[in-house]
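Just so you know, the sequences run in chain order P and B.
The numbers in this note's numbering rise by one with no breaks, and the one at position 230 of the first sequence is 337.
The numbers in this note's numbering rise by one with no breaks, and the one at position 83 of the second sequence is 94.
Each hint should be verified, as a subset may be incorrect.
Here are the simulated distance ranges between beta carbons [as the list claims (entries may be wrong)]:
| no. | chain 1 | residue 1 | chain 2 | residue 2 | range |
| --- | --- | --- | --- | --- | --- |
| 1 | P | R180 | B | T159 | 41 to 51 Å |
| 2 | P | G272 | B | I209 | 27 to 37 Å |
| 3 | P | R238 | B | L51 | 15 to 25 Å |
| 4 | P | S244 | B | S120 | 28 to 38 Å |
| 5 | P | R178 | B | F203 | 46 to 56 Å |
| 6 | P | A217 | B | L53 | 30 to 40 Å |
Source of the hints: derived by calculation from the structure; they are not laboratory data.
Note that the structure is a prediction, hence the values are computed from the model and not measured.
Glycine is no exception: its CB is placed at the ideal position from the N, C-alpha and C atoms.
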Amino acid sequence: MTYAIEAEGLIKRYGDKAALDGVNLTARPGEVLAVLGPNGAGKTTAVRILATLVSPDGGSARVGGHDVVARPRRVRELIGLTGQYASVDENLTGTQNLMMIGRLLGMSRADARARAVGLLDRFRLTEAGDRAARTYSGGMRRRLDLAVSMVADPRIIFMDEPTTGLDPRARTELWDIVREQVAGGSTVLLTTQYLEEADQLADRIVVIDHGRVAADGTPDQLKSRAGHRRLEIRPERDLRKAHDILTQVTGVTPHVTRGQATHRPATAEATNRPSKDAMSRPAGGTAAAEERAEGATERTADERTADERSGAMPGRAYGPVEDGVLSVPIIDPAMVPEVFRRLEDAGITLTEHALRRPSLDEAFLALVTTPSPELSTAPRLSTGTGGTASASRQAPPPSSEPPAPRPTVSSRQPQSSGRSMA
Amino acid sequence: MTSLASHRARPRSGALIQGLTLAWRSLVPLRNEPGRLVQLLLQPIFMIMLFVCLFGVMTGNQTGTAQFLLPGVLVQVALVATNTTGMNLAEDIGNGVFDRFRSLPIARSAPLIGRILADTLTMLLTVTASLLTGFVVGFRVRTSLAETFAGVTLVLLFTFALSWASAWIGLKARSVASMQGMATAVLLPLTFGSTAFIPATNVPGWLRWWMDVNPVSHLAASLRALLTGGPLGAHLWITLAWAIAIAAVFFPLAVHSYTRRIR
Numbered sequence: 108m109t110y111a112i113e114a115e116g117l118i119k120r121y122g123d124k125a126a127l128d129g130v131n132l133t134a135r136p137g138e139v140l141a142v143l144g145p146n147g148a149g150k151t152t153a154v155r156i157l158a159t160l161v162s163p164d165g166g167s168a169r170v171g172g173h174d175v176v177a178r179p180r181r182v183r184e185l186i187g188l189t190g191q192y193a194s195v196d197e198n199l200t201g202t203q204n205l206m207m208i209g210r211l212l213g214m215s216r217a218d219a220r221a222r223a224v225g226l227l228d229r230f231r232l233t234e235a236g237d238r239a240a241r242t243y244s245g246g247m248r249r250r251l252d253l254a255v256s257m258v259a260d261p262r263i264i265f266m267d268e269p270t271t272g273l274d275p276r277a278r279t280e281l282w283d284i285v286r287e288q289v290a291g292g293s294t295v296l297l298t299t300q301y302l303e304e305a306d307q308l309a310d311r312i313v314v315i316d317h318g319r320v321a322a323d324g325t326p327d328q329l330k331s332r333a334g335h336r337r338l339e340i341r342p343e344r345d346l347r348k349a350h351d352i353l354t355q356v357t358g359v360t361p362h363v364t365r366g367q368a369t370h371r372p373a374t375a376e377a378t379n380r381p382s383k384d385a386m387s388r389p390a391g392g393t394a395a396a397e398e399r400a401e402g403a404t405e406r407t408a409d410e411r412t413a414d415e416r417s418g419a420m421p422g423r424a425y426g427p428v429e430d431g432v433l434s435v436p437i438i439d440p441a442m443v444p445e446v447f448r449r450l451e452d453a454g455i456t457l458t459e460h461a462l463r464r465p466s467l468d469e470a471f472l473a474l475v476t477t478p479s480p481e482l483s484t485a486p487r488l489s490t491g492t493g494g495t496a497s498a499s500r501q502a503p504p505p506s507s508e509p510p511a512p513r514p515t516v517s518s519r520q521p522q523s524s525g526r527s528m529a
Numbered sequence: 012m013t014s015l016a017s018h019r020a021r022p023r024s025g026a027l028i029q030g031l032t033l034a035w036r037s038l039v040p041l042r043n044e045p046g047r048l049v050q051l052l053l054q055p056i057f058m059i060m061l062f063v064c065l066f067g068v069m070t071g072n073q074t075g076t077a078q079f080l081l082p083g084v085l086v087q088v089a090l091v092a093t094n095t096t097g098m099n100l101a102e103d104i105g106n107g108v109f110d111r112f113r114s115l116p117i118a119r120s121a122p123l124i125g126r127i128l129a130d131t132l133t134m135l136l137t138v139t140a141s142l143l144t145g146f147v148v149g150f151r152v153r154t155s156l157a158e159t160f161a162g163v164t165l166v167l168l169f170t171f172a173l174s175w176a177s178a179w180i181g182l183k184a185r186s187v188a189s190m191q192g193m194a195t196a197v198l199l200p201l202t203f204g205s206t207a208f209i210p211a212t213n214v215p216g217w218l219r220w221w222m223d224v225n226p227v228s229h230l231a232a233s234l235r236a237l238l239t240g241g242p243l244g245a246h247l248w249i250t251l252a253w254a255i256a257i258a259a260v261f262f263p264l265a266v267h268s269y270t271r272r273i274r
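Use the sequences and the hints to build the structure in full.
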């Protein structure tokens with residue numbers, strides 16, 4: 108058996124809307140696969156199919172080597188599922204929740220109790236074990252949910268947005284649990300809206316958007332694929348003129364942000380206090396910029412809508428706004444001195460300027476479109492990865508959290524991918 | 012593959028054991044939180060106190076009113092209690108507990124069996140509480156133990172049949188609130204448009220027609236006869252026929268939407 112989880116061309120429709128439109132993904136035994144995407148991208152649908160909760164309208168999937176449609180029962184014997192909304196029985200205590208599952212799985216009362224005690228201890232819930240789950244905090248409930256899904260000691264674990272809505276500390280705790288489980292040799296598929304989470308935990312990331320795989324690779328691969336450096340300038344005045352110069356030099360319509368410059372260090376994460384806004388907020392757009400750099404100077408309907416939504420100024424109606432930050436992707440490093448020379452020639456002084464690498468957020472968001480329904484019908488640019496590229500180019504809001512140094516991906520322990528599952 | 016599967020305890024219990032476990036799961040909150048038990052019992056107690064005492068005062072004949080009304084109110088309370096089946100199913104579906112069960116290698120029917128088992132037991136509790144409250148407010152059983160037992164069993168059978176309708180609505184409903192709304196729309200005309208509370212004399216023709224057809228009338232009349240004596244007539248058989256008919260329609264419907272839900 109090569110893959111613990113394997114899906115080919117998964118299609119799922121709800122009405123005339125395709126929740127999944129041909130998704131391929133694989134996870135090797137002992138690997139952590141993150142399925143990353145905005146709300147409504149199809150992540151949950153994919154997990155539900157793999158966990159045998161819904162059947163696909165097309166394509167096929169195997170979990171632990173068993174077809175999820177043909178042999179759901181075998182699949183269920185192998186998996187643990189942690190839902191997006193903690194699916195514990197709130198009226199039962201922690202112990203009772205765990206014992207119920209043990210009994211359902213055929214354990215004796217004594218075995219089920221022993222297992223419950225062990226899991227409560229491992230998930231630091233012993234003291235709360237005799238309280239109704241309803242009284243638990245969000246983090247405790249999520250831990251209980253995870254504990255419940257591990258009663259059978261499953262080798263393959265699905266976690267649908269395990270940390271959504273948790274505070275940073277509870278999230279870190281949950282990450283530790285996931286790492287522990289992986290160290291024990293389990294295969295984990297987790298969905299998340301948080302890039303940082305995927306980067307922290309995953310060996311590989313599949314980016315899903317609008318029911319399709321927009322990108323696929325290791326965190327490092329994805330980061331390098333998506334990133335051009337961006338030049339940001341804040342002219343003292345003559346924003347319009349500066350805008351035109353940037354356009355002429357780079358061949359790309361600059362993105363305009365009113366107010367404060369987005370001088371975030373590349374390591375800063377807008378995800379520390381995550382909200383769905385952080386994901387849906389258009390940012391980066393470098394993939395789209397590449398498209399345009401290849402001669403496509405005409406703006407798509409997408410872009411215009413995105414601009415109108417974000418309040419950015421469309422190039423055709425500039426207006427008298429004088430304070431703002433212009434931002435363009437830099438494809439050719441030689442463009443930078445050229446830009447400054449031309450600005451100087453035009454007598455435009457800059458109050459701020461920066462050349463920065465794309466943040467992790469932008470790197471990934473460059474690979475997905477904004478999830479707003481009004482954009483989904485508009486024609487979309489297609490990238491080389493088969494995905495769609497957003498033309499939204501507003502930088503995410505500066506993080507309120509101090510930019511903590513993020514451990515690099517390579518510093519993590521290599522996963523035990525060599526473990527045989529056969 | 013075998014080494015993989017051996018990590019998981021092999022289910023050796025059948026659907027029934029799993030159903031019992033899930034019935035336990037539904038009943039254990041009553042023990043965890045006595046407030047829930049009180050809430051469960053307050054409904055019949057209040058309804059019976061209210062109806063029997065109020066009408067008793069109005070008619071000036073407490074005992075006679077109790078003898079006539081108690082079986083009717085008991086039926087009404089029992090029918091309303093069938094709501095819980097659908098409501099609990101809708102709740103389990105809504106909060107994801109159902110999905111957890113479905114992701115386990117257990118019998119597909121276990122959650123439904125567990126639900127109905129638990130609800131039948133709580134129904135027994137409700138009926139018992141109703142009879143005891145009736146005793147307090149002056150109701151006396153005038154028949155043999157066997158007839159009393161038959162009467163209680165008839166109520167349980169009828170509500171069991173009706174709980175499949177409740178389960179079907181619960182499985183179809185989008186939320187607990189909409190389930191409640193739908194159930195009330197069905198139950199109100201059934202209970203109040205029956206001879207449970209008033210005799211079918213001195214009512215307009217159309218209402219009389221409906222009261223004669225209404226299965227709840229027959230159930231109430233049967234229970235009245237089985238608890239206080241008097242002619243049972245065809246009421247028992249008509250009630251049983253209705254129960255079978257209701258189950259025959261709604262059991263397949265509930266199972267169908269259930270299997271669609273659990274696929």
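Here is what the structure says about each hint:
no., hint, in the structure
1, R180(P) to T159(B): 41 to 51 Å, "holds, 46 Å"
2, G272(P) to I209(B): 27 to 37 Å, "violated, 53 Å"
3, R238(P) to L51(B): 15 to 25 Å, "holds, 22 Å"
4, S244(P) to S120(B): 28 to 38 Å, "holds, 35 Å"
5, R178(P) to F203(B): 46 to 56 Å, "holds, 52 Å"
6, A217(P) to L53(B): 30 to 40 Å, "holds, 37 Å"
In terms of the numbered hints stated before, the structure departs from hint 2 and from no other.
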